[in-house]
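*Asks:* Sequence:
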Amino acid sequence: MSPVRRGMKKDASLIAQRVADQLSRDALIEPLVSDQFSRQEFELAISNSTNPWWVDDASGRIRGHLYGTTLEDSLFGRQTWTGPDGYSYEVLDVLDNLCEQAYRSWRQEGSNAHLVWALAGSGTQDWLERGYRMMSVRAARALEAVEEFTWPHDYRLRRGTLTDLATALEFDGLIDRAQGVDPETLTAEQRSANRADLENLLDDPECYYYLVDIDGSPAAQCVTFPLPALRGNFANTLHIGSLAVSPAFRRQGLATMMMREIMNSAFGEGFAYAEVRWHIDNRLATPFWPTLGFRPTYVQLRRTLKD
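Quick note on our numbering: the sequence shown kicks off at 19 and runs consecutively.
Treat the hints with care, since some could be wrong.
If you anchor each label on the Cβ, the simulated ranges turn out as follows [as the list claims (entries may be wrong)]: (1) Q58 x E287: 27 to 33 Å; (2) L62 x D299: 35 to 41 Å; (3) E118 x F167: 51 to 57 Å; (4) R43 x W169: 39 to 45 Å; (5) G149 x H171: 50 to 56 Å.
The set of hints was computed from the structure by calculation and includes no laboratory data. Glycine included, each C-beta is placed from N, C-alpha and C at the ideal position.
Use the sequences and the hints to build the structure in full.
*Replies:* In structure tokens form, the structure reads like this:
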């Protein structure tokens, strides 16, 4: 009989300790992973969760846990997400038992896939051996003193507005293609959702939509915003995303100049770290970010739940 059962409030303290220990181990392996962790907040959150979670209970000794949140994705349908604090296991048999129970429940909820964040490098192997595929990478770097440089003549970095929506949609299509998605295959509903997301982004005072104009034409874009509290991230971290350069202006160092300017500005505003993410199939992003000092911290892996 499987030792896995549904988690209960009485388990919260033990699970919180397991998560704290795991974060500490991860931070020793990769210093850009933060071990900052509020046990009290975590215990309260998991105790009051409306989503089911599981523990491996070996005669009263908790050997692991697994938790996931099932949400609707506009592109892939219903999927279940697990963060770095959503699992722990002492041995592989514990992980297998937890997954067996969780998969059954998630399928009943209509979920078609499970995605999990694992420590980059050594943390991914156990999931890969269970049929998961790497999907995306989280990477971080510490921000340092300002790096001086001068923009070439007729280059202008500015903050975009709602009037730049058409430009943002064009760059969004470039990003889709770089990640293996043909924009022409998107449904009307997906296109509408993407447009609404971009409108909200351009209207959000905390989000900065940057454009580089060359001779008055949009040549590159990126988006930044203060990263909310996420497990494994340090406070005062700026997220940098949606970097894209128009094909006509590539191989000219434009993305590097743009990132220098943005990281200089972030450092001056008091940010201590920057974080980026990229899709594993994005052949332009994968070699680019390490050249700017970013190191992978977590990798997102995905496994289908279809029988």
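*Asks:* Give a verdict on every hint.
*Replies:* Hint check results:
{"no.": "1", "hint": "Q58 x E287: 27 to 33 Å", "result": "30 Å, holds"}
{"no.": "2", "hint": "L62 x D299: 35 to 41 Å", "result": "38 Å, holds"}
{"no.": "3", "hint": "E118 x F167: 51 to 57 Å", "result": "54 Å, holds"}
{"no.": "4", "hint": "R43 x W169: 39 to 45 Å", "result": "44 Å, holds"}
{"no.": "5", "hint": "G149 x H171: 50 to 56 Å", "result": "53 Å, holds"}
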